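K.L.:
Respectively, the protein sequence lines represent chains U and V. Position one of the first sequence corresponds to residue 1 (the UniProt record's numbering), numbered consecutively onward. Position one of the second sequence corresponds to residue 1 (the UniProt record's numbering), numbered consecutively onward.
Calculated directly from the structure, the hints in this document are not laboratory data. Computed from a predicted structure; not experimentally measured. Keep in mind that the hints are not guaranteed to be accurate.
Chain copies aren't distinguished; within one or between two, either way the pair holds.
[Unchecked claim] Here are the simulated lysine-lysine pairs, DSBU-like style, with alpha carbons at most 30 Å apart:
1. K40 with K119
2. K40 with K167
3. K37 with K121
4. K167 with K36
5. K36 with K121
6. K36 with K119
7. K177 with K24
8. K59 with K24
9. K59 with K178
10. K24 with K140
11. K121 with K45
12. K37 with K177
13. K45 with K177
14. K95 with K121
15. K177 with K59
16. K119 with K178
Protein chains: 2
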Amino acid sequence: MQRYKCIVSYDGTGFAGYQVQPGKRTVQGEIEAVLKKIHKGEAVKITASGRTDAGVHAKGQVIHFDSSLPIPPDRWPQALNSMLGGEIAILSVEKVTPSFHARFDAAGKEYRYILYLGKQKNPFNRNYAYHYPFPLDMAKMEEAARHLIGTYDFSSFCASNTEVADKVRTITGICFKKEDDCLVLSFRGNGFLYNMVRILTGTLIEVGTGAREPADIPALVSARDRRLAGKTAPAHGLYLWEVFYEDSGEESKTTKPGV
Amino acid sequence: MQRYKCIVSYDGTGFAGYQVQPGKRTVQGEIEAVLKKIHKGEAVKITASGRTDAGVHAKGQVIHFDSSLPIPPDRWPQALNSMLGGEIAILSVEKVTPSFHARFDAAGKEYRYILYLGKQKNPFNRNYAYHYPFPLDMAKMEEAARHLIGTYDFSSFCASNTEVADKVRTITGICFKKEDDCLVLSFRGNGFLYNMVRILTGTLIEVGTGAREPADIPALVSARDRRLAGKTAPAHGLYLWEVFYEDSGEESKTTKPGV
Chain U
1 MQRYKCIVSY DGTGFAGYQV QPGKRTVQGE IEAVLKKIHK GEAVKITASG
51 RTDAGVHAKG QVIHFDSSLP IPPDRWPQAL NSMLGGEIAI LSVEKVTPSF
101 HARFDAAGKE YRYILYLGKQ KNPFNRNYAY HYPFPLDMAK MEEAARHLIG
151 TYDFSSFCAS NTEVADKVRT ITGICFKKED DCLVLSFRGN GFLYNMVRIL
201 TGTLIEVGTG AREPADIPAL VSARDRRLAG KTAPAHGLYL WEVFYEDSGE
251 ESKTTKPGV
Chain V
1 MQRYKCIVSY DGTGFAGYQV QPGKRTVQGE IEAVLKKIHK GEAVKITASG
51 RTDAGVHAKG QVIHFDSSLP IPPDRWPQAL NSMLGGEIAI LSVEKVTPSF
101 HARFDAAGKE YRYILYLGKQ KNPFNRNYAY HYPFPLDMAK MEEAARHLIG
151 TYDFSSFCAS NTEVADKVRT ITGICFKKED DCLVLSFRGN GFLYNMVRIL
201 TGTLIEVGTG AREPADIPAL VSARDRRLAG KTAPAHGLYL WEVFYEDSGE
251 ESKTTKPGV
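Could you build the full structure based on these sequences and the hints that come with them?
P.N.:
Below, the structure written as structure tokens:
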């Protein structure tokens, strides 16, 4: 039995999220169905670095699975991609040690949130960016973001129905980049709570409109109360961009701190 | 009665093309349905600069329609867009003289064809670019394109079932631009025959692979035989990018000759 680590990209638009749900079309369900075919009817479970919600995209989701088929790693992507539809792409497959775990070994993640700021709606990014055609004060948003860098209990930025006990996470960087008519927010950290990036984005938007002040952020973090933070930004602007591992037989990548 | 000229953008993926067809979802059908609602049940016909096929996109299709509703031009886009789905966007509406005709007055058009050259499939452009992950000799393609600039009978580059009598058209420019992993081909001319841009693209691809030589193009044009040209490139890489008018109450734009 060989364990494989895969980098996977998907357009989340047509899926009820990553995780298998009975009667629903999910990313995990599609990939496992293809693996089952390749393994002649034998079920193969895949494990991801974490779930993504309905409509959320991935540029670099990471999964692992075990197989005893004698397929070389460089042939696996083609084998899987030819049977998967166009919405999911296996970008790479590499052999890893049997102890590698896509979720438990993840040392950090980068998410990106894309805001489309154009005045007119754009049919080509309607599922890939959140259309926000109102003025935003980027300097204030960046100032607010600096208050979010560090290790905090992020309960204020976590969906209230989450059952995770420990809500302490470290955000190592939040970057802002204007690309044409879009504003791309990149969030790096050691881990993110349920809906955390979308709530952080919604709160930063409220700073950008002037509804909140950057100086209000530290008290908002300290309050540990979801009701005090901003709206949850829509799913379709969010991308799981990259997952970082310290040691998995591949070259390690480290997150760089700072905005 | 006032005549209006509109610039319209649409994602062609979900449509059976531009033109109304019984029982099918089309761009014209969607826009006319919304105009009918706005006019309280009265049918309003729209006229476009030309049709686009199923899967073909538009960044700047032009249509005209007549209305006696007292809606100012700058309010029309919002009125229409709020009732149209996300796949169609009315980018602008302006008053024109009653003699303006979106099709007959069109002095020229620009189409673009986007080739995605990346090795890996990309879930995010699968409907918006033709994935061609093989080497292409761009210098040869540009040399071939230069033989296509000018006024010719383009029968070799026209779907054979077309009933247009006069197949003489003028191509004023073909531009090549690399954008990240994509190659964008821009075609400008006074008009294009059915499937012409897709057949030109398919033929240029065959030059890029070495299957044809640039020097063979003049004989291919002279032959006026569709069977001798290249494959019709897929619809989903094609965009009607802009339509040019000499005089419609707006500033006129002229096409620039040359590759």
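K.L.:
Could you work out which of the previously given hints the structure breaks and list their numbers from low to high?
P.N.:
2, 4, 7, 10, 12 and 13
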